[in-house]
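If you read the sequences in order, they're chains A, B and C.
At position 68 of the first sequence the residue is numbered 138 (our numbering), and the sequence of numbers has no breaks.
At position 108 of the second sequence the residue is numbered 152 (our numbering), and the sequence of numbers has no breaks.
At position 33 of the third sequence the residue is numbered 66 (our numbering), and the sequence of numbers has no breaks.
Quick caveat, the hints were computed from the structure, so don't treat them as lab data.
Note that the Cβ used here is the ideal one computed from N, Cα and C, for glycine as well.
Don't take each hint at face value.
Some, not all, of what chain A presents toward chain B, calculated at C-beta under 8 Å [stated by the list, open to error]: (1) S84; (2) S85; (3) D86; (4) P95; (5) G113; (6) E114; (7) T145; (8) T152.
Under the rule of at most 30 Å between Cα atoms (straight-line distance), these lysine-lysine pairs were calculated in the BS3-like manner [unchecked claim]: (9) K260(B) to K190(B); (10) K101(B) to K516(C); (11) K50(B) to K197(C); (12) K118(A) to K462(C); (13) K499(C) to K49(B); (14) K505(C) to K50(B); (15) K332(C) to K290(B); (16) K50(B) to K332(C); (17) K101(B) to K463(C); (18) K155(A) to K101(B); (19) K259(B) to K327(C); (20) K49(B) to K516(C); (21) K334(C) to K260(B); (22) K516(C) to K259(B); (23) K197(C) to K529(C); (24) K555(C) to K101(A); (25) K290(B) to K499(C); (26) K332(C) to K259(B); (27) K529(C) to K101(A); (28) K259(B) to K50(B); (29) K332(C) to K49(B); (30) K462(C) to K555(C); (31) K462(C) to K117(A); (32) K462(C) to K101(B); (33) K332(C) to K329(B); (34) K101(B) to K505(C); (35) K118(A) to K463(C); (36) K516(C) to K155(A); (37) K50(B) to K499(C); (38) K155(A) to K157(B); (39) K101(B) to K117(A); (40) K555(C) to K155(A).
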Amino acid sequence: MKPQTSSQAGTFESSDVIFLIEPLPEKSGRKIELFSTVLHQYGESFKKTVVEMLDQYEMTDVHLIARDKGALEPTIKARLETAIKRSLGIHEGTVI
Amino acid sequence: MKKFKKRRSMLYIPGNNPAMIQQGGVYGADSVLLDLEDSVALNQKDSARILVRNMIKSIDFYDTEVCVRVNHLSTPFGLADLEEIVPLQPSAIRYPKTESAEEVGNLLQIIEKIEDRHGLQHTTMTVHAMIETAMGVQNVFEIASKFTRIDAITVGGQDLTADMNIIYTPDGAGIDFARKRIVMAAKASHIDILDTVFPDVNDEEGLRRETEYAKKIGFTGKAVINPRQIDIIHEVFTPTEEEIRKAYRIVKEFRANAAAGIGVFAIDGKMIDAPVVHRAEYILKLANIEIAQN
Amino acid sequence: MLNSLGREIPEFIQGIGTLEPFQGAWTKLRKGWMDEPTIPAPNKAYLPHQNKLCNSLEEAIERSGPHNGMTVSFHHHLRNGDIILVKTLAILHNMGIRDITLASSSLIECHDPIFPFLCDGTITRIYSSGIRSQLGRAIAMGALDIPVVIQSHGGRVRGIHTGKVQIDLAVIAASAADCEGNATGASGKSAFGSIGYAVIDVRYAKQVVVVTDNLVDYPCIPLSITQNFIDHVVVVDSIGDATKIATGTTRITNSPMDLRIAKLAAEVIENSGFFVPGFSFQVGAGGASLAVAKFIREKMKTRDIKGSFLLGGITSYCVDMLNDGLFETIFDVQSFDATVSNSLLNNRRHIEIPAALYANPFNCGCITNKLDVVVLGALEIDVDFNVNVITGSEGYVRGASGGHSDTASGAKLTVVACPSFRGRIPIIKKRVHTVVTPGETVHVLVTERGIAVNPAFKELEENLRKAGLNIKDIHDLEIEVDKITGVPDPLEYTDKIVGVVEYRDGTVIDVIHQLLEKSDYKLY
Chain A
71 MKPQTSSQAG TFESSDVIFL IEPLPEKSGR KIELFSTVLH QYGESFKKTV
121 VEMLDQYEMT DVHLIARDKG ALEPTIKARL ETAIKRSLGI HEGTVI
Chain B
45 MKKFKKRRSM LYIPGNNPAM IQQGGVYGAD SVLLDLEDSV ALNQKDSARI
95 LVRNMIKSID FYDTEVCVRV NHLSTPFGLA DLEEIVPLQP SAIRYPKTES
145 AEEVGNLLQI IEKIEDRHGL QHTTMTVHAM IETAMGVQNV FEIASKFTRI
195 DAITVGGQDL TADMNIIYTP DGAGIDFARK RIVMAAKASH IDILDTVFPD
245 VNDEEGLRRE TEYAKKIGFT GKAVINPRQI DIIHEVFTPT EEEIRKAYRI
295 VKEFRANAAA GIGVFAIDGK MIDAPVVHRA EYILKLANIE IAQN
Chain C
34 MLNSLGREIP EFIQGIGTLE PFQGAWTKLR KGWMDEPTIP APNKAYLPHQ
84 NKLCNSLEEA IERSGPHNGM TVSFHHHLRN GDIILVKTLA ILHNMGIRDI
134 TLASSSLIEC HDPIFPFLCD GTITRIYSSG IRSQLGRAIA MGALDIPVVI
184 QSHGGRVRGI HTGKVQIDLA VIAASAADCE GNATGASGKS AFGSIGYAVI
234 DVRYAKQVVV VTDNLVDYPC IPLSITQNFI DHVVVVDSIG DATKIATGTT
284 RITNSPMDLR IAKLAAEVIE NSGFFVPGFS FQVGAGGASL AVAKFIREKM
334 KTRDIKGSFL LGGITSYCVD MLNDGLFETI FDVQSFDATV SNSLLNNRRH
384 IEIPAALYAN PFNCGCITNK LDVVVLGALE IDVDFNVNVI TGSEGYVRGA
434 SGGHSDTASG AKLTVVACPS FRGRIPIIKK RVHTVVTPGE TVHVLVTERG
484 IAVNPAFKEL EENLRKAGLN IKDIHDLEIE VDKITGVPDP LEYTDKIVGV
534 VEYRDGTVID VIHQLLEKSD YKLY
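Can you build the whole structure from these sequences, using the hints too?
In structure tokens, the structure reads:
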């Protein structure tokens with residue numbers, strides 16, 4: 071799916087992560103930037119989580135920035151899912 | 045028989061706060077309330093809903109009962125909350141600003157439809173009704189008694205005073221009638237009844253006083269906004285050693301007498317009948333003491 | 034060579050000398066006398082009516098004969114409010130002195146300004162109990178060629194009187210002093226309480242300068258530091274900010290998590306079998322452990338138990354307990370709160386003690402040996418109960434050995450209280466990165482997700498189980514936490530040794546390797 075708009079989800083708080091998604095022109099591919107307080111211990115697993123979810127939503131042309139302060143896996147997934155859905159405009163039941 | 049749940053404390057956790065949710069089970073609260081309603085900003089409702097869903101799925105809350113407060117169905121969020129949370133079957137759904145039995149009936153229908161779609165029973169998850177409007181207080185007995193799926197009601201002090209157009213005072217004068225009326229409705233329906241939060245986290249004495257009052261007028265527990273409040277609330281609602289000893293004696297002797305076909309008897313000159321025994325059994329449950337049937 | 038914990042220790046390190054591997058917490062002490070001789074303390078002479086007062090710190094340092102390769106020592110009683118250490122080293126730097134060995138009883142965030150001196154050859158060696166912040170990062174990344182030596186408070190005293198650390202100049206900040214150098218930390222506008230760590234420096238340093246911002250009429254009492262060891266006295270505008278003592282690890286916590294862990298730790302103590310009339314008690318620095326005193330105080334009142342003495346880092350909580358009559362005596366080697374000074378000054382049962390009496394293993398018995406219960410923190414703990422309080426999960430040096438291993442070795446019940454994970458990183462490991470305190474001296478670990486008892490102490494486990502506490506096998510707890518956080522990838526290190534961790538008896542319990550260059554950003 072193609073992101074319609076830029077979107078953001080999460081916070082800068084400890085144990086949380088904030089994602090920023092920007093649509094890129096077709097065939098640009100993915101650019102993933104990760105800032106993390108636990109980059110060396112969890113960077114690879116973080117990247118894997120992100121790539122899997124982008125694959126799941128078939129999101130190929132996207133610039134994604136993540137700033138992580140030690141979020142656990144379910145939090146990472148929740149924030150990314152929220153950002154993706156917001157970028158796709160499928161965030162029912164929310165006032166944006 | 046309904047499973048006995050201790051509900052001395054219920055810890056409020058904002059649904060969009062992962063740091064607090066991931067620690068929800070470690071503070072020793074009897075139950076936690078993951079909140080999608082008032083503690084979540086209007087533009088973060090989707091975010092909190094997805095986060096709470098993921099956390100319930102993967103975080104161990106140990107012995108702590110997990111409840112989720114959804115948004116009212118009259119808001120744009122209520123239905124989406126139910127669609128996301130009901131399939132996870134937390135211990136209970138808490139419904140805010142409940143005003144009538146009809147409203148509860150409508151809510152239960154929606155919940156059951158979602159459960160049917162997911163092949164889930166209608167009997168596992170319960171529903172708590174929050175009474176926080178004047179209308180809710182007036183209709184509380186119907187709300188509490190009409191549906192067996194409601195197994196607790198709670199009073200929301202801040203919203204109620206706002207609805208009554210009065211100022212919330214620390215002595216609780218404005219909500220005293222509501223408290224007692226709601227307690228009576230719960231007692232008449234044999235369900236749990238939880239008191240509203242005590243907002244000043246640093247006032248330990250005030251918390252203890254208010255909790256003691258709540259216990260005295262019949263509440264089974266109290267909502268908590270900071271984990272630091274849990275211990276005091278547990279201390280108040282946990283029976284004293286003397287109470288436990290007495291309860292133990294009552295239940296023991298009642299069983300022995302019942303076996304011999306005697307219904308009413310006396311201990312130290314005081315008559316012991318069914319309601320007294322019932323209360324003694326409740327005290328022992330709170331104290332985690334079991335007496336074998338024989 | 035491997036030490037008894039299986040840690041690889043080199044036999045010799047240039048600039049430090051021959052290393053002796055750790056062989057067990059009490060193995061070396063068992064003989065009852067030590068092979069290491071006590072080096073002679075300097076003998077000095079002073080004529081009557083000579084004047085010790087100098088016009089400036091510069092003059093005092095000038096008079097003390099600074100030279101390349103010298104060793105300069107400090108105490109850290111002002112903790113994060115200290116300004117004398119940085120000032121002194123800046124003066125030495127300006128004088129062109131190089132190759133200095135810095136021997137401070139600890140280093141804290143406020144000492145970050147000396148970082149350039151590590152890079153330009155002014156400071157080439159460090160002996161300290163702790164290193165944190167920018168300095169800790171720099172050390173971990175290999176800023177010094179010669180590894181730093183981490184010592185416990187007791188071990189530092191041993192190191193000085195056995196000549197492993199030979200001090201040329203001790204600069205002693207005091208909140209009150211007289212013209213002869215009698216000095217104390219217990220009074221004055223910058224009062225910081227006990228000056229216990231400095232006592233050994235004063236005795237053994239070739240030159241001693243007392244620096245004060247409060248020159249009082251002769252004599253300055255109490256005589257925490259005495260004039261017979263003092264060469265020079267300097268009056269400055271300020272020795273630092275005593276209100277900054279209680280920051281970071283020495284501040285009483287309000288965090289619900291720390292309070293929860295503290296409450297569980299107090300329940301462990303209450304049911305351990307050691308919570309009896311006449312018990313002695315210490316809490317270490319760190320959020321959760323400090324807070325245990327709060328709960329113990331309540332339990333002592335409820336159960337009408339009166340203790341013997343409180344030891345160590347003394348907070349206002351400890352003073353309250355003394356005043357409530359819950360304990361008979363306070364032995365104060367370090368005050369974690371400037372307000373403690375009043376009690377130290379006015380209550381004769383609140384006694385200032387030097388570090389040697391507190392924790393030195395090489396004497397006829399330090400007070401830590403009389404300790405019943407101690408509560409300590411941890412940066413990491415492993416399934417063998419070995420504790421790391423020096424290197425953080427990110428690989429930097431960011432803690433202090435302090436009295437951790439000293440008290441653990443002496444106490445009948447050593448409780449380590451810490452969260453099971455911090456910022457996603459598990460605290461319970463299969464193997465800690467750096468051992469400071471050996472597991473054989475740790476009895477029980479208390480976390481918010483369960484309590485683990487060292488299997489060597491069966492009776493303790495039995496007592497705690499009977500009390501209905503949430504006891505888990507430490508291996509299970511480790512796995513449980515890994516499931517929540519995910520298993521972290523290990524950090525990467527080079528072969529270069531940047532730190533040597535001495536056990537209190539002078540043997541080497543572990544070494545710290547240089548951390549590979551790392552960042553917190555990656556583009557995929």
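Hints the structure fails to honour | 4, 5, 6, 11, 22, 27
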